[in-house]
Amino acid sequence: MAAADDLSLLQGTLDVLVLKTLAWGPKHGYAVARWIAETTDDDLQIEEGALYTALHRMEKRGWIESEWGLSDTGRRAKFYQLTRAGRQQLQLQTQRWTRYASAVFKVLQTA
Amino acid sequence: MPRIPHLRRVFRLDVLSPRVERDVDDELAFHLAETVTRLEARGLAPAVARAEAERRFGDLHRYRRELRAIDRGRAAAHRRADLREATVHDLRHALRGLRRNPGFTLAVVLTLALGIGANATMFGLVDRLILRDPPHVVAPGELRSVMLRYVFRGEPGINDVQSYPTLRDLRAGVPALSHLAGYGGAQPSLGRGVEAQPVRATIVTGDYFPLLGTRAELGRLLQPADDERGSAPVAVISHGFWQRHFGGDPDVVGRTLQLDQVTYTVVGVAPPGFVGLEQRRTPEVWLPFVPRAVAAGDTTALQEYGWQSLYVVGRLRPGASDAQAEAQSTVVFRSPRNPNADTTARALVRSVLPRAVLSAAEDESLPGDGRANARVAVLLAGVSLLVLLIACANVANLLLARALQRRREIAVRLALGVSRRRLALQLVTESLLLAAAGGLAALLVVHWGGLLVRHLLLGDVAWEGSPVDGRVLAFTAVATVLTGLLTGLVPALQASRPSLTSALRTGLRAGGGGGRHSRLRAALLVTQTVLSVVLLAGTGLFVRSLVRVGNERLGLDVDQVLVGTMRLRGLGYAPPRVEAMYREMAERVGAVPGVRGVALATALPFYSTSSITFRLPGRDSLPRVADGGPYINAVTPGYLRTVGTRLLRGRDFTDADRAGTAPVAIVNQAMAELYWPGESAIGQCIIVGDTEAPCTTVVGVMENARRQGIVEGTSLQYLVPLEQAPRFLRGRQLVARVDQGADLARVSAAVARAMQGVAADLPYADVFPMSDLLQGELRPWRMGAALFGAFGALALLLAAVGLYGVVAYSVSQRTQELGVRMALGAQAKDVRLLVLRQGVALAAAGAIVGGALALLLAPRVGDLLFETSPRDPVVFGGVVTTMLVVAVAACLAPAWRASRVDPAITMRAE
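Residue numbers (the working numbering), protein chains in the order written: chain A, 1 to 111; chain B, 1 to 910.
In case anyone wonders, no lab produced these hints; they're calculated from the structure.
Where hints are given, some of them may not hold.
According to the in silico footprint, chain A covers these stretches of chain B (three or more CB under 8 Å from chain A) [what the hints assert, rightly or not]: (1) 20-28; (2) 281-294; (3) 427-440.
On the chain A side, residues computed to face chain B include the following (Cβ under 10 Å) [what the hints assert, rightly or not]: (4) H28; (5) A33; (6) A50; (7) L55; (8) E59; (9) R87.
The C-beta atom is built at its ideal place from N, Cα and C for all residues, glycine as well.
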């Protein structure tokens, strides 16, 4: 579980992860959490509540929008999907992450 | 998953907080339920699964709080965006509508521009004259002026200037006031000879600037050490004078100014806009009192209690009251040290703020000028407010008519589910938009109107800056918004609740729900007429006063007369030399092109007056008249012709009436009738001055002429030749009659040059039209007539437009009815009469109520009128007639249109 002082790092990371998750199509919060857990083999160990904070904050920013609908299990659930601004944001942050990761990787390689 | 994007936007329901909270709860509940289901499927017991789900989620309460806060913020942002969008939409809608009706738009904007503009103009004047604090004065509310009330021969009076010794005594004897200082106006001469010019100066005692707390813009201001015997003469100059006279020289401190006989060193520049405590003049220099008196050899000013020239002001000490200050000052005024002390004297201590006169407007004992100004200002503010109300009524009426025309459109939109609130908002948006356009146009009205009023009516007030300043702008903005709301609300309320079905069914035609609307419109219209009639009645009364003043025979013909004066006191000329110089001035002025006649006099009507011991041989006492006298004036031959006073009998003085020849006099008619009733005054003997003097023979009788003002009783006056004048009649004024049609300003300048050219060291000559002396007294009538006239005309115009609008609208509504009437045999004449009767009935109702109201109000301005009854029948008859004539004129066009209705067409439309 992430420590409180890692939160700012985690926040940016979470945002891009959630955006990426929604890139495949509308999902409710539970599905987002499951998708991240399964894709990362639970390596990240993200507190699920933090995922919801990220979802709502990004909705307020206009990157995603929400709609109530029915889940596969037939229950009422809140679905999120990317807006145009959200797609742009995803692209931007993906580039930034890739650059950052490759830079760190280069440094580590020289060791 | 079938979803319609933006569905919620279409059915935009307000996202209220309870809804936000429920959404968050539902969302979290779903998440936990799904997690529990998954964990149970893996074989966990329900309770364990639940605990594990909550553990994975984290602090449920904290997250719930966070999510709610985020969502509430989002909802608020949405609401704001929606409002913005709706407003933009409403504005576009309103703009489109207004563009489609340019006539309507123009009428409304003009009406509002005039209404708001008139008010803002008045506000600007009142603000400048009364409301505003004097600039650059610290805590002006604490400043008090000290005046003296006295009773003389049973008449109460006020002395607002005190002597220097009295000021000194007050400083010692009135602990309730600190920094007691005195100030007074003066107009010294800058330079000498032909180039000499007057400078507006304020003479101040040492504590004046410390009292005000003003900071210098450059250098320093005057301080107590500058105002002692032996102090070197120093001066503070105004920002404007610094720019004009010294070209804004940054090294002006230390430069010198030659004013009268004294050379002053400039020590500082006052901040721009600073005028001290004076409202009606903008001083150019401030000079210390004592060094000026010493330099002029005028030590009487420093010692004599009788030499009263200073307005006394001080700052109320913390904790002290006006009553204490008055009690302490009263003791000083009655002090035995003062040889002029008067046991009836009582001090009057009053705030120096101009607006203090507003609360004292009813205080009879205050010096006249401020009180009259305050009353006129309050009156004008009231009048302009009336005009704005008329404008509002008018615009409301026009908007209402428009809203009614759009009743069907509105009903359709209501049926489509647009909320009434939203609809009302739309109508108010439209009226606010109109008001904003009106407000902008009003600024033009304020600019030009303000300049006009300043120039025409308040020319002697020193104005600075444009009539449109920050405060006027703020006032205009507030008035605009209020007007927009006021005019928009009535139609909005009316139009947004029509009976839905009846409006849809009857469409645009008359009928459904029209009764209430037309009653409201008629009421607005009658109100408008009432207000117009009240204003017109005021106009009539003031115009009649002005006409009566104009026709009044003053015993003088001041229109083409110039007065020239020069202060020669203190220049060291011997009296014979002074006499000779004036003679030469008269000669030179007589040669100025455009001057037809010139004379010298020791006193002048409306300007100065003298009287000396006078008796008739063989009589112990003389009958008196209310306005006193007899008043003497010593003049050169031709004086009567020059000022336009008629010689009724006998002869004028000639050059042969000189010192040493037989003394002669001309008396006025009142004197002749009072002293020698039933006999001829010519040849009678009067004794002037010294009781031992020889007989002065009356050689002529002149008509009675005014002495001090237009409103005064007849006084006893007589003239003697200047060469035979008693020695102490020292004052000299020059009068010159100017050819009809000559340029008064140009001739004035030439006369001043001619006078100043007589000797190289003369100060400036003050040359002005004699009619200027009457301006102050004429102003209330002129101002009343002009402003009531302007507002009255405006109100009448607005009422006419309003009447036209109502009648024209009613004709368009009744087209069908009129068609039926004509089909049934009504003549065009009958229809015209029908329409006319409707409009005139409304106007007549307004005229009757307005006339009654004006009769009721008129006595309140009674004392501002001149020989005119506040219930003058000619004025009131004229006003009512005017109103009716205008009403008929306004109804003619709609009546004509009504009579052209084609019955066939209207019937078919059915």
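Going down the list of hints, with the structure as the test:
| no. | hint | result |
| --- | --- | --- |
| 1 | 20-28 | holds (count 4) |
| 2 | 281-294 | violated (count 0) |
| 3 | 427-440 | violated (count 0) |
| 4 | H28 | 7 Å, holds |
| 5 | A33 | 7 Å, holds |
| 6 | A50 | 7 Å, holds |
| 7 | L55 | 9 Å, holds |
| 8 | E59 | 7 Å, holds |
| 9 | R87 | 15 Å, violated |
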